[in-house]
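Please arrange chains B, C and D on chain A, whose structure you already have, making use of the hints.
Chains as they are written, first to last, in numbering that gives the first Met the number 0: chain A, 0 to 353; chain B, 0 to 353; chain C, 0 to 353; chain D, 0 to 353.
The set of hints was computed from the structure by calculation and includes no laboratory data. A few of these clues could be false.
As the list claims (entries may be wrong) - Computed footprint of chain B on chain C; a stretch qualifies when at least three of its residues, placed anywhere within it, have a C-beta under 8 Å from a C-beta of chain B:
| no. | stretch |
| --- | --- |
| 1 | 226-238 |
| 2 | 242-252 |
Claimed, not checked - List time: in silico EDC-like cross-link candidates among lysine to aspartate or glutamate, alpha-carbon distance up to 20 Å:
| no. | chain 1 | residue 1 | chain 2 | residue 2 |
| --- | --- | --- | --- | --- |
| 3 | C | 47 | D | 286 |
| 4 | A | 47 | B | 196 |
| 5 | D | 194 | B | 196 |
| 6 | A | 43 | B | 286 |
| 7 | B | 48 | A | 285 |
| 8 | D | 264 | C | 51 |
| 9 | D | 100 | D | 113 |
| 10 | D | 48 | C | 285 |
| 11 | A | 194 | C | 196 |
| 12 | B | 264 | A | 285 |
What the hints assert, rightly or not - Non-contacting residues of chain C with respect to chain B, defined by C-beta distances greater than 12 Å in every case (computed):
| no. | residue |
| --- | --- |
| 13 | 8 |
| 14 | 30 |
| 15 | 45 |
| 16 | 50 |
| 17 | 98 |
| 18 | 100 |
| 19 | 144 |
| 20 | 179 |
| 21 | 194 |
| 22 | 212 |
| 23 | 275 |
| 24 | 278 |
| 25 | 292 |
| 26 | 295 |
| 27 | 310 |
| 28 | 343 |
Since we're looking at a predicted model, the values are computed, not measured. Note that CB positions come from ideal geometry on N, CA and C, so glycine has one too.
Protein chains: 4
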Amino acid sequence: MMKKPDTDKLTVGICGASGYTGMELLRILALHPRVEVTAATSEKSAGKKVHELFPFLSSYAGLAFEPMDREKLLDKADLFFLALPHGASQEAVHYFFSKGKKVIDLSADYRIRDPKTYAAWYGLLHARQSTLKKSVYGLPEIYRDKIKKAALIANPGCYPTSAVLGMLPAVRNRLVNLASIVIDSKSGTSGAGRKADLGLAFCEVNEGFKAYGLVTHRHTPEIEQEISNLAGKKVVVNFTPHLLPVDRGILTTIYAKLRKKMNTKGVLALYNRAYAKEPFVRVLAEESLPNIKHVRGTNTCEIGVRVNDRTGTLIIVSAIDNLVKGASGQAIQNMNLMMGFDETEGLCQLALYP
Amino acid sequence: MMKKPDTDKLTVGICGASGYTGMELLRILALHPRVEVTAATSEKSAGKKVHELFPFLSSYAGLAFEPMDREKLLDKADLFFLALPHGASQEAVHYFFSKGKKVIDLSADYRIRDPKTYAAWYGLLHARQSTLKKSVYGLPEIYRDKIKKAALIANPGCYPTSAVLGMLPAVRNRLVNLASIVIDSKSGTSGAGRKADLGLAFCEVNEGFKAYGLVTHRHTPEIEQEISNLAGKKVVVNFTPHLLPVDRGILTTIYAKLRKKMNTKGVLALYNRAYAKEPFVRVLAEESLPNIKHVRGTNTCEIGVRVNDRTGTLIIVSAIDNLVKGASGQAIQNMNLMMGFDETEGLCQLALYP
Amino acid sequence: MMKKPDTDKLTVGICGASGYTGMELLRILALHPRVEVTAATSEKSAGKKVHELFPFLSSYAGLAFEPMDREKLLDKADLFFLALPHGASQEAVHYFFSKGKKVIDLSADYRIRDPKTYAAWYGLLHARQSTLKKSVYGLPEIYRDKIKKAALIANPGCYPTSAVLGMLPAVRNRLVNLASIVIDSKSGTSGAGRKADLGLAFCEVNEGFKAYGLVTHRHTPEIEQEISNLAGKKVVVNFTPHLLPVDRGILTTIYAKLRKKMNTKGVLALYNRAYAKEPFVRVLAEESLPNIKHVRGTNTCEIGVRVNDRTGTLIIVSAIDNLVKGASGQAIQNMNLMMGFDETEGLCQLALYP
Amino acid sequence: MMKKPDTDKLTVGICGASGYTGMELLRILALHPRVEVTAATSEKSAGKKVHELFPFLSSYAGLAFEPMDREKLLDKADLFFLALPHGASQEAVHYFFSKGKKVIDLSADYRIRDPKTYAAWYGLLHARQSTLKKSVYGLPEIYRDKIKKAALIANPGCYPTSAVLGMLPAVRNRLVNLASIVIDSKSGTSGAGRKADLGLAFCEVNEGFKAYGLVTHRHTPEIEQEISNLAGKKVVVNFTPHLLPVDRGILTTIYAKLRKKMNTKGVLALYNRAYAKEPFVRVLAEESLPNIKHVRGTNTCEIGVRVNDRTGTLIIVSAIDNLVKGASGQAIQNMNLMMGFDETEGLCQLALYP
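The following block holds chain A by itself, in its conformation from the complex (with noise of 0.2 Å):
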């Protein structure tokens, strides 16, 4: 018999709590102290004890998978994350929203201002686009006070999380010649998702290295569209992802010609300014380099900076945990935001090191 939901506290439900990203959201809210995790839905697993299935996540005692059956779901919570497949959130959402819900949706079909960018890419058309303009793009070091008012929010990606907080003082400072931009970034397995797929198993990709998804990957119009709102006008960048054989992280190289003359000191200085506040993120001085073993299990974006000073090249390098800031971490860090909690509450966990 599961327990009564605490009053106090903010009741959760998870849609598509049985892959990576849903399990990041029970492993992180958890401790959070202002949140109870009150459904959760899986269609594989419905019915089963979430501890059956993960006997680490020990303390889901009184929780069970469910199906997603929106109408006996909307009482059981007040917010919504929705972890689903592309396109099968354009719905969701829609449902949630539209009953007075707030939502969070880790999918891409809310995230595209523009549909017919978001039909291009993803080879869908939106149904809901009335819903769509309503939605914010939950890159809380933009969006912060419209995060803060909304009721649904557009979860970013995880390329895109790395790829933005990279260049975003660069831009917004006008460093860099926005024709040039190249953005080399490498994932650790587990954005790939949780799934039975010969390509992800251990002995293809363990000792392995490969680009994929060249010149085509969905995420690049999500990179470009938050390029170009901050250089307020359109940018077309070079985006190449990588499979890199460890379990969590992203580390983005971004390459970008610099339109005046500076040195290392300088651009560090205007990262620095620009991330002073910033809770979950972190520019390294000019002797260190991000590594993603430094933010593995955290909300934490690390930034380093060099100039190219022979080829007139700025070279950012980010490093950020693909589950957390990459997905989970940063829709909880929404969710605090929408909810008026702290910012950073239940997502101050240090790396796991080593």
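For chains B, C and D alone, coordinates are given in the frame of chain A:
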């Protein structure tokens, strides 16, 4: 400038804070609501801020490493964790203990009750045998009441923790032939410590697997001491450690002949009863088996058992995180008990999975 | 267009060539001077060129996968390797064998001499028991003379190869109490085959380690059969496999009580004598211990031994590459013996280290 | 006692044979039919048999490491591979070369044509500039004819091999804007050498990923030298290396603006033409992309290309094994060319996959 210690909090010093167990103490204590770390020693990194050496320990902005000068340290903290090499701990423990401080020693120096056994396996005489007599072996599942009253804790070794927790119900319930015990352990590489050593280099360890220290590993007498105490008579065991190409985790597979015919269900019932109230032991149902990945970053010991009818053998598998339940987490569990805090305070994190 | 087979070479067909053992046969045979692979089957990849599916098998420009149509295959080769699932091999082996072809079967179907034991562990009746009687268990270190004259080889399982080679001198020399044998094996993930399976996904296996198949693993009766044959009486053993987060390699740690007092040197002398002429067994000196990384990509079995005086136990550690000596390499060794080639032909590669 | 060299074989000495590139020379040369290794130096391991230090190099039963005494070495071999640290090679190369021996130097000392550039990046004066002038840069895909006639080869660096082979057809065919080149490389850890170094410890590298040596890596001028030679004018590039948690492999992702509109097919046609006769370059079809796992243990360079129409950028991905085509394999390829052997002799192994 270091901020003034919070007067409501327990002040804690960590001697040997730049190794992996020291780092792990810092990581866990950062979120412990009743503790403030007020001193951290490191000879090599003395003078550096903690977050300069380890940027991912970002919440220690005010703390700098200092050399191990015990007189200077004495007034800085009420409780000291000592994560020093074997041998070096003898005097340091004695000093802080004799000055009235609470001490939790993570070395082996105060674990072995019999100074002759210590001398035989460690090649060192014990110069502080009167202090040795006052130490309590810090395995709460056996010695909880003593720990609560103790001022000096000998924190158990990582392999002994995994082996003794695995064996405890079987030995207490006299299930097995004590002359037949085989303990086959596999440990992640962090167990070997943080050091420059060719044998621990990535390219030597990765994609490799080997046994080491056959017949001679120093955790053998510690395991035997505790099994013997549980059995009420002298027991010798076969113990073989192996090196796993992972960061963290010990999985121990134990074999012992059953004294009488039993089935898996019957043994499981005894294990469940023995550990029913233990916050950090998880006995798995018959269909499940432990995995080090299920306990990564947690203070949990996962245990599974099976009876082999054909050979009349009980097989027990236990999994811990060697840096948490196998070292720093257990040390903090001991601290909680000594100080009258809730035993699980600061130790509730779920596994970082994947 | 496929080039005409070289008439001086043995023509070889591989049934089930797109799994890991099939790929490994292709990899090794590519450099075998006396063999030409003239057929390779795969149901899923039928019609594709081998190098289209596996670009790294670049020397197979002319060879395409074909479906398993035994009548069409019959005339294409003089010898067939069968790397088919258990059960499926029964008929296929019988067909090629009855048509006068030489057959090396990598499945378990022809390994277990006793059809009742096969039925009990594999849940299948053996429909070709007269053919079963003609098969020879392909462990050259025991059955070399029979293999030379055989037309049908049951290629040993990976775990049994590691366990039996480890035990052979101890059992033949009657060193150990046969009722006390514990075999604790750890295998790389390629042993589970090439398939889409959530349990084998990178993020599930990486940084993890677990036991599996406790008490029920199907290699148990195969190990017992061969140990019993060596001992001259029925032996049962404890056998526990574990899953290592590496691509290749099995390390097996074996424990057995000594029947009389011996030291490590004495046991080593017997092991050295037993394997003195074996081209693929390397007994290590007392100061060394096996590592799967030392045998990666090779047909070598590395063995180390130690006596534990305190417990009167002999400890044996063996290491093989599960895909080479544990499968495809040993199959080629058997082929060499059957065909009168030099036993080591095509099998002399040194370990890929690091 | 060492056996007498086979008089029909080329005698070869390896200076610096206990590092990873030295070990790899030993591994590959063990199966080279026309070579006998007659000397191997190591200061630390002098006096030890090769197979005592590296049991997996089992075929070197007669060979012992000796100190680097060049007079003693001189008569032992006709050709010397030098795998010594940068700087140390200057004199050693000059000595053997001036005594009429053939020399293949795996250090950087004879790669940079311009002594001022060498001094600026390596912080060393070049004391043997007349010998430097006689060295040939050992990239057969560019300098095959010169290599055939050379007595002194400067074997290319691992990153430059991957970058220059990736760029060659694009630069020769004047496809790209030479001021826009970004070279983002990711290397396995063996590239850092075999040494005790905390930064290379398993627990520091595993599950991590980072950039290093930004803007300052010494392979930069070597890449620029060769791209400039191909272009016929001075080129500077952005080059960023990263450390991958794998043993072997370099994947390099290259970005350059196209000078005129082209599609992927058109570029691929030029790449296929450029490398049609190259035994060790594999240009992949449009649907495939390189993976370091496809080239593990081989001398092959895998190359894939894509045009990004939206940004007008050519993206090239190349993959090599840093220890084979990036070091020891290419050195042996150069030896084959110098000696008039078949260029692929001893280098035909297929990838160890998985």
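Outcome of the hint check:
Coverage of the stretch 226-238 of chain C by chain B holds. Counting CB-CB distances below 8 Å, 3 residues qualify, and the rule asks for three or more. Only residues whose beta carbon comes within less than 8 Å of a beta carbon in chain B count, and the stretch 242-252 of chain C has 8; three or more means the coverage holds. Restraint check for residue 47/C and residue 286/D: satisfied, since their Cα atoms lie roughly 14 Å apart, inside the 20 Å limit. With a CA separation close to 47 Å, the supplied pair residue 47/A and residue 196/B exceeds the 20 Å bound.
For the hint pairing residue 194/D with residue 196/B, the CA-to-CA distance comes to about 8 Å; that is within 20 Å, so the pair holds. Of the pairs offered as hints, the one joining residue 43/A and residue 286/B holds, with about 19 Å between alpha carbons and a cut-off of 20 Å not exceeded. Among the hinted pairs, residue 48/B with residue 285/A is consistent with the structure: their alpha-carbon atoms are about 16 Å apart, no more than 20 Å. At roughly 18 Å between alpha-carbon atoms, residue 264/D and residue 51/C fall within 20 Å of each other, so this suggested pair holds.
For the hint pairing residue 100/D with residue 113/D, the CA-to-CA distance comes to about 24 Å; that exceeds 20 Å, so the pair is violated. A threshold of 20 Å between alpha carbons decides the hint, and for residue 48/D with residue 285/C the separation of about 16 Å falls inside it, so the pair holds. Between residue 194/A and residue 196/C the alpha-carbon distance is near 8 Å, which keeps this suggested pair within the 20 Å criterion. Under the criterion of a C-alpha separation no larger than 20 Å, the hint pairing residue 264/B with residue 285/A is inconsistent with the structure, at around 60 Å.
Remark: the non-interface label on residue 8/C is consistent with the geometry, its nearest Cβ contact in chain B lying 34 Å away (cut-off 12 Å). For residue 30/C, the condition that its CB be more than 12 Å from all CB atoms of chain B holds, with the nearest at approximately 22 Å. Every C-beta of chain B lies more than 12 Å from that of residue 45/C, the closest at about 33 Å, which supports listing it as non-interface. Every CB of chain B lies more than 12 Å from the CB of residue 50/C, the least distance being 26 Å, so the non-interface label holds.
In this structure residue 98/C is separated from chain B by more than 12 Å, as the shortest Cβ-Cβ distance comes to about 40 Å. Non-interface call for residue 100/C relative to chain B: holds, since the shortest CB-CB distance, roughly 37 Å, exceeds 12 Å. Distance check on residue 144/C: its Cβ is at least 32 Å (rounded) from any Cβ of chain B, clearing the 12 Å threshold; non-interface status holds. The beta carbon of residue 179/C is not kept farther than 12 Å from every beta carbon of chain B, the shortest such distance being approximately 7 Å.
Interface exclusion of residue 194/C from chain B stands, the closest Cβ pair being 19 Å apart, more than 12 Å. In this structure residue 212/C is not separated from chain B by more than 12 Å, as the shortest Cβ-Cβ distance comes to only about 9 Å. Taking the minimum C-beta to C-beta distance to chain B, about 24 Å, the non-interface status of residue 275/C holds against the 12 Å cut. A cut-off of 12 Å between C-beta atoms confirms that residue 278/C is not in contact with chain B; the least separation is 23 Å.
Chain B draws residue 292/C into its interface by the beta-carbon criterion, the shortest separation being 4 Å against a cut-off of 12 Å. Look at residue 295/C: its CB is around 7 Å from the nearest CB on chain B, not clear of 12 Å, so calling it non-interface is violated. Look at residue 310/C: its CB is around 5 Å from the nearest CB on chain B, not clear of 12 Å, so calling it non-interface is violated. With a minimum CB-CB distance of about 25 Å to chain B, residue 343/C clears the 12 Å threshold, and the non-interface call stands.
Figure legend: structure checked against the earlier numbered hints; hints not met, in rising order: 4, 9, 12, 20, 22, 25, 26, 27.
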